[in-house]
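Participant: Sequence:
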Amino acid sequence: MNKRRTRPANPAPPAEPKHQADAAPENRGGTYFAMDSELEAAIGNLPSVRAVRVVTDDQEIEEIHVLSEPGVQPKRLVRDIVTLLFVRFGVRIDHRRISIVRSEKQIAPAVKRPILQSVKQDGATRRMRAELRFGDQLILGESELGAEMSDLGAASSATLDAIARLLGKSGELSTLEARTLALGGEPIVIVLIQWQTGGLRAVLVGTSLIEEDQWVAAARATLDAVNRRLIRLPQGPASAP
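Residues in the sequence shown are numbered consecutively from 170, following our numbering.
Keep in mind the hints are simulated off the structure, nothing from the lab.
Heads up, some of the hints might be wrong.
Label-pair distances were calculated between CB atoms; the ranges are [stated by the list, open to error]:
1) 337 x 253: 43 to 49 Å
2) 238 x 345: 38 to 44 Å
3) 216 x 264: 56 to 62 Å
4) 273 x 368: 16 to 22 Å
5) 287 x 368: 34 to 40 Å
6) 239 x 352: 41 to 47 Å
Dumping the calculated SDA-like pairs for lysine to any residue here, alpha-carbon to alpha-carbon at most 25 Å [said to hold, decoys possible]:
7) 289 x 271
8) 289 x 265
9) 289 x 231
10) 289 x 207
11) 289 x 272
12) 244 x 271
13) 244 x 256
14) 244 x 265
15) 289 x 314
16) 289 x 308
17) 289 x 229
18) 289 x 396
19) 289 x 256
20) 244 x 214
21) 244 x 289
22) 244 x 266
23) 244 x 283
24) 244 x 217
25) 244 x 231
All values reported here derive from a predicted model rather than from experimental measurement.
Quick reminder that beta carbons are idealized off the backbone N, C-alpha and C, glycines included.
Put together the whole structure using the sequences plus the hints.
Facilitator: Here's what the structure looks like:
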């Protein structure tokens, strides 16, 4: 009697190995895929951080130096930085590589800047006058209109004359050139200012859109050039020696 042969059931396919979730790289400062500037920007956004510098060597974080606000607890800030780097960038870093320096000084208030009040031409005397406001003060500057100086140059020079009265003996300011340009279809004034003191010389550039008239734009362009580099005025009356 013939026996029926039965085929064995198809064997189950081998189970695929379970993949473990990728963990953040664990290293001394480790391999990361972010620019130094990205790390500095992220740490700098912490509310208690005033300044930060990330030092790297061969794509590894060697040191992180942080200047914090007054009254900050260094250990807590270090924990915040370690957590931030791991959560956002997947970087594990030894807390001993982070140094915290607490600043004991509050940030100084913003330096006041002179504000343009008006620019006018006196046809009778052929002079350009610019008036600036600095706090409660009104300062008047003047410049002569001549054959060798355009109205734009005179407006710029009158503004510099007013600035010089504020700066005192802090060097000599002069307008090298002032002209109009069209950028992107918008009319602007651009000025080139020279500052000299002793053997030092600096050339400053300022611009302003022409919104009211060219004289006002020339004066604003002059302030744009000078304010960012030279104006460091006292916030109150000078103390007696």
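Participant: Failing hints, ascending?
Facilitator: 3, 4, 7, 8, 9, 10, 11, 17, 19, 21, 23
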